[in-house]
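Engineer: Kindly produce the complete structure, drawing on both the sequences and the hints.
Protein chains: 2
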Amino acid sequence: MFLFLNKDFNKLNNEIIVNELKKAIAMKELIIIIGNCTVDYIGRSESKLTEGDRLVIIKQNGALIIHRPDGYLPVNWQPETSVIEIKNIGDKIVLTAVRNQPREIVNVYFNKIYNYLHYKLIDHGEFVKYLDESTMRDLLFENPDLIEKGLRIIEKEKQIEYGSIDLFGVDKNGKPVIIELKRVTATREAVHQLFNYVKNYMNKTSVKPRGILVAPSFTVSAIETLGKLGLEWREVDLRKLWSLKKEKDVKHESLLRFMGDG
Amino acid sequence: MFLFLNKDFNKLNNEIIVNELKKAIAMKELIIIIGNCTVDYIGRSESKLTEGDRLVIIKQNGALIIHRPDGYLPVNWQPETSVIEIKNIGDKIVLTAVRNQPREIVNVYFNKIYNYLHYKLIDHGEFVKYLDESTMRDLLFENPDLIEKGLRIIEKEKQIEYGSIDLFGVDKNGKPVIIELKRVTATREAVHQLFNYVKNYMNKTSVKPRGILVAPSFTVSAIETLGKLGLEWREVDLRKLWSLKKEKDVKHESLLRFMGDG
DNA sequence: CTCTGGATGTCGCTA
DNA sequence: TAGCGACGTCCAGAG
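Chains as they are written, first to last, in my numbering: chain A, 1 to 262; chain B, 1 to 262.
To be clear, the hints were calculated from the coordinates, so they are not data collected in a lab.
Identical copies carry no separate label here, and so any pair may be met within one copy or between two of them.
Subject to a maximum C-alpha distance of 25 Å in a straight line, what follows is the list of computed BS3-like cross-link-like pairs (lysine-lysine): (1) Lys228 <-> Lys208; (2) Lys199 <-> Lys228; (3) Lys129 <-> Lys246; (4) Lys204 <-> Lys228; (5) Lys245 <-> Lys48; (6) Lys149 <-> Lys240; (7) Lys120 <-> Lys28; (8) Lys199 <-> Lys172; (9) Lys246 <-> Lys48; (10) Lys48 <-> Lys120; (11) Lys129 <-> Lys92; (12) Lys112 <-> Lys28; (13) Lys129 <-> Lys248; (14) Lys240 <-> Lys48; (15) Lys175 <-> Lys156; (16) Lys172 <-> Lys204; (17) Lys48 <-> Lys129; (18) Lys48 <-> Lys248; (19) Lys175 <-> Lys208; (20) Lys48 <-> Lys251; (21) Lys92 <-> Lys22.
All figures in this text were calculated on a predicted structure; none of them were measured in a lab.
Structural biologist: Given below as structure tokens:
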């Protein structure tokens, strides 16, 4: 690993800094610059940011992120870059990041760079996420009774003309059921999504299916709209589903252990 | 301004690092840590990230951002924190960030901190954004002819039962017109939004208004759905509107200059 | 506080 | 490549 840590930063002139950073960009190192700058962006939208202190990050894949000292979101950014280059223009160090498709350009004009460092990070870590919508879908696929007694799920992520139905099944009376899942509070938008699928199914099959919106909670207007459109809803808490699964897993593991021991 | 730049980093032990960072957190400085760590998150969802090199940022308002070396988005984060603290636990430095509402916790366990720095950034810069939807709304409010000859806009952002209508007007025949704007390609979702507003208006007034979706482009299914629902659409390019405005501004400025000179 | 809709949203999946 | 929907989306604005 290589770490740049300058001991006499104030003795550096712009030319030395730019050369160092050019090398770091070429080496695809992670680069962090703290400095006073202005920023222009032009692309799908346009923005101008006047002078102030910012944190500028160039990631190893060339992504550019510019943070103000406060707030969470970056003020300007470039998720990927076809060109990322730094150079001296007059008395300023200018960082240019170009992205094609959509064509967008971010320019950072540094009045002063207070400090910078570059570093080759090695990260082979594994990122695992639980409790997203696919978790919810899988858990309910295995336990349709949690939605309704006697419900039989036939298909997960059933592809239809536009988009896909989260869960498609048949109720105890043999009626088709279209289920839309939300892992967070369901809004009117989710109701329309469900309604869409129901309409699409009717158009294709001439059979009117039931439509059920499944979520941990619902906005008032969501429930109103469900009523108006003749749709149903079930309150299902993802976290409860999850603990259920964990219990099962533990039991399963115990069983495996028992069998291994036997 | 205060900048920590350690010249003999390898001589630092965890206790010194933690004390330094605690002070920096208390001072609400921007903190950057580069180190090898694992990360746990639990809240609306859950995640685990195994060992690897990462960039950890604590912003001056306490926001936490954890970046892997590649990609654009942070792997874990906390937009705001009620608690952000760092301490030694065993041989590890542990950073804990707690957020209430929603209740979420991020823990970073550092196996090794390669380097860190903290800095008080001062940023009074002004951020101006052009070409967003409100720009489009304002421009079309001033130039309704660009949507349709004889159209008269009565209200911008007309509040209705739920949500708001971008532009509400009356056409040359005195018929009410509901206009939904999209600054990017309009999808089926936008059509449903418009349809909603139209339905809502009908329910309230018993008058069937026209509904026009205005966007620079439309997906095929958006246009199909517009047709089915008896809605209309107009192709309007925001960037062209913008250059129109710029021309006007230039003329206006010239006029002012002329009058000033005269 | 909840609800709604925009965003330079970004990202991943599918036809 | 376009379309579509999820996201720990985040965020501002309104009631």
